[in-house]
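S.K.: Order-wise, the sequence lines are chains A and B.
All residue numbers for the first sequence refer to the numbering used here, where the first residue is 1 and numbers rise by one.
All residue numbers for the second sequence refer to the numbering used here, where the first residue is 1 and numbers rise by one.
Honestly, I wouldn't trust all of these hints.
Label pairs and their calculated CB-CB ranges [as the list claims (entries may be wrong)]:
id	chain 1	residue 1	chain 2	residue 2	range
1	A	G64	B	E108	33 to 39 Å
2	B	G122	A	Q167	40 to 46 Å
3	B	H68	A	T242	49 to 55 Å
4	A	E142	B	N105	31 to 37 Å
5	A	W86	B	A313	51 to 57 Å
Selected chain A positions facing chain B (Cβ under 7 Å, derived; list incomplete) [to be verified]:
id	residue
6	F37
7	V98
8	R120
Facing chain B, according to a computed beta carbon distance under 8 Å, are these residues of chain A, among others [as the list claims (entries may be wrong)]:
id	residue
9	A80
10	G83
11	T109
Since the hints were made in silico from the structure, they are not lab data.
By construction, the Cβ of each residue, glycine as well, lies at the ideal position given by its N, Cα and C atoms.
Listed below are the residues making up each chain.
There are 2 protein chains.
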Amino acid sequence: MILALSGGVGGAKLALGLARVMPPEELAVIVNTADDFEHLGLSISPDIDTVTYTLAGLANRELGWGRHDETWSFMETMEALGGETWFRLGDRDIALHVERTRRLNNGETLSAVTADLCRRLGIKSRVVPMSDDPVRTRLRTEEGWLDFQEYFVRRRCEPVVLELLFQGAGAARAHPEFLAALADPSLQAIVICPSNPFISVEPILAIPGVRQALIDSPAPIIAVSPIIAGQAVKGPTAKMMTELGMDPSAGTVAHRYHDLLDGYVIDHADMSEVVSIDARVTLAQTLMRTMEDREALARTVLDAAAVLRRRKATR
Amino acid sequence: MILALSGGVGGAKLALGLARVMPPEELAVIVNTADDFEHLGLSISPDIDTVTYTLAGLANRELGWGRHDETWSFMETMEALGGETWFRLGDRDIALHVERTRRLNNGETLSAVTADLCRRLGIKSRVVPMSDDPVRTRLRTEEGWLDFQEYFVRRRCEPVVLELLFQGAGAARAHPEFLAALADPSLQAIVICPSNPFISVEPILAIPGVRQALIDSPAPIIAVSPIIAGQAVKGPTAKMMTELGMDPSAGTVAHRYHDLLDGYVIDHADMSEVVSIDARVTLAQTLMRTMEDREALARTVLDAAAVLRRRKATR
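If we strip away everything but chain A, and leave its shape as in the complex, we get (with noise of 0.2 Å):
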């Protein structure tokens, strides 16, 4: 059993790739729900599906989020209404967001709601939100606090981020599921996927017990930067992290995650990059252009985390 944390896009690649070149049904992908928000009166979960849709070879590669089989009526009529345009939701998109509304409405967990639409999906690999309960990122930004949403869609990563807050996370309960993998004595391995720290990692990170419980973890933890020659692949990492006051590297990156960390997997191009903490660094081909390359990041992260966990046993 391979674990694997994720927020969107960079997760979703790396999860792909564990899935195609180990047992799918072997893989957990754990989700940040943190991003989660109601529009239109729907639950909309952005990370669990992206996961979903490029699990399921659905994802819309071209915008980096949503379906590529995708039609758009609802979004123009929506326009022609007066209606709120600023999140796009696609005809088919829209379709899974309705119908999970109406199953979390009828008093079924996003959880099981999940993995239902996973398995008609195809999907063979499991994908569990961190946690069933609401818990929702906020930033204080120069023009005050903003959700989630707000913030990262409407006005585009713009607004210069001082604090983040993940309200709801100190009463929200990890998975059962994610707890118990953890603890599984046969647990292969934990990949901390090359997502966003600040709101797709520590959000997980923030609930009760899950840290300590990945510091118990018989596995070795290995993450994969997100961060390439200071530059974030997609999204504002490297510009939250100027804000915040840090330096956008790979090795700042290692740092949120000092305590946790057996191995770091870096792209070559930051070879030189002075990683401060106790954990094997191993340099690959981090950014994920081709399906190929999703693979061959996924076996060198396997074959790190199989050197580490031999190393981790006799210990």
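Place chain B on chain A using the hints.
M.R.: Just chain B now, with coordinates in the frame of chain A:
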């Protein structure tokens, strides 16, 4: 000012004819809302939507519901996800339901939302829900009580109807604009469109005060028969009449409105029909296949109403 009482398809056709042969801003269509329902978490108003799409020139004439410029990605995906698909919702149609539901949940009234959406779709006539309070048609059938859309769409009007109930009608308040128009001395006519009497017109008449306000109105009331030669143009009107122990005929429809009608328009095919109520009968082609048919029938209704109004004024 002309007031038209309407259900879905047949009523909407005549309403469109009226809007095209008179100044459209002087037409108000009072629409049945007793077949409204909640589906997939959305507030759906089928008759209001049919009237709206018809007046906006967007109606799908082949289907008899929905929009002619529709796409079906939502429904296809819903099917793949194992969701409910018995009530077909197009991608553009969904936008209307999502936007309406959002605004209703925000505290707006159905009439306010309807008025605004009609304005955005370029409709110059007023489309007014019979009430902003919920009224729901239920049918006692040989298989037990059914909600209206269960009977109408899911069961395709197959169960034998024994009794109808307009749940909530007793507590519903007629829309104030509707009552004000009925009492307005300048009102020229009240047109009961060729809609199903049992499920489209009688829910409107069941709202406390409406029947008396119609009787007290200075304007003549003229109905168009939805039955031609013993058959309904569309829908279960004739089948229902037979099941309820009535003769499926234009005369039976007239009898349902016996205390209201000043005039009654029936098809040439029914010229030998015995209409045993005190109303002036006009023969016309009531089948509306083409736009010319709609306009011609509307002119016939308006001409007949003008005669009836002069007669009523001199009484």
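S.K.: Each hint needs a verdict: does it hold in this structure or not?
M.R.: Status of the hints after comparison with the structure:
Distance hint check for A:G64 and B:E108: the Cβ-Cβ separation is about 35 Å, which falls inside the suggested range of 33 to 39 Å. Restraint check, B:G122 to A:Q167: a C-beta distance of roughly 43 Å satisfies the suggested window 40 to 46 Å. Restraint check, B:H68 to A:T242: a C-beta distance of roughly 52 Å satisfies the suggested window 49 to 55 Å. Roughly 33 Å separates the CB atoms of A:E142 and B:N105, a value that falls within the hinted 31 to 37 Å.
Evaluation of the 51 to 57 Å hint for A:W86 and B:A313 yields a pass: the beta carbon distance comes to about 56 Å. Below 7 Å, beta-carbon pairs count as interface contacts, and A:F37 has none with chain B, the closest being about 14 Å; its hint is therefore violated. Nearest Cβ of chain B to the Cβ of A:V98: about 5 Å, under the 7 Å cut. The hint holds. For A:R120, the suggested interface contact is upheld, since its CB lies about 5 Å from the closest CB of chain B, less than 7 Å.
Interface restraint check: A:A80 against chain B, minimum CB-CB distance 7 Å, threshold 8 Å, status holds. Nearest Cβ of chain B to the Cβ of A:G83: about 4 Å, under the 8 Å cut. The hint holds. Interface hint at A:T109: violated, since its Cβ lies 17 Å from the closest Cβ of chain B, which is beyond the 8 Å cut-off.
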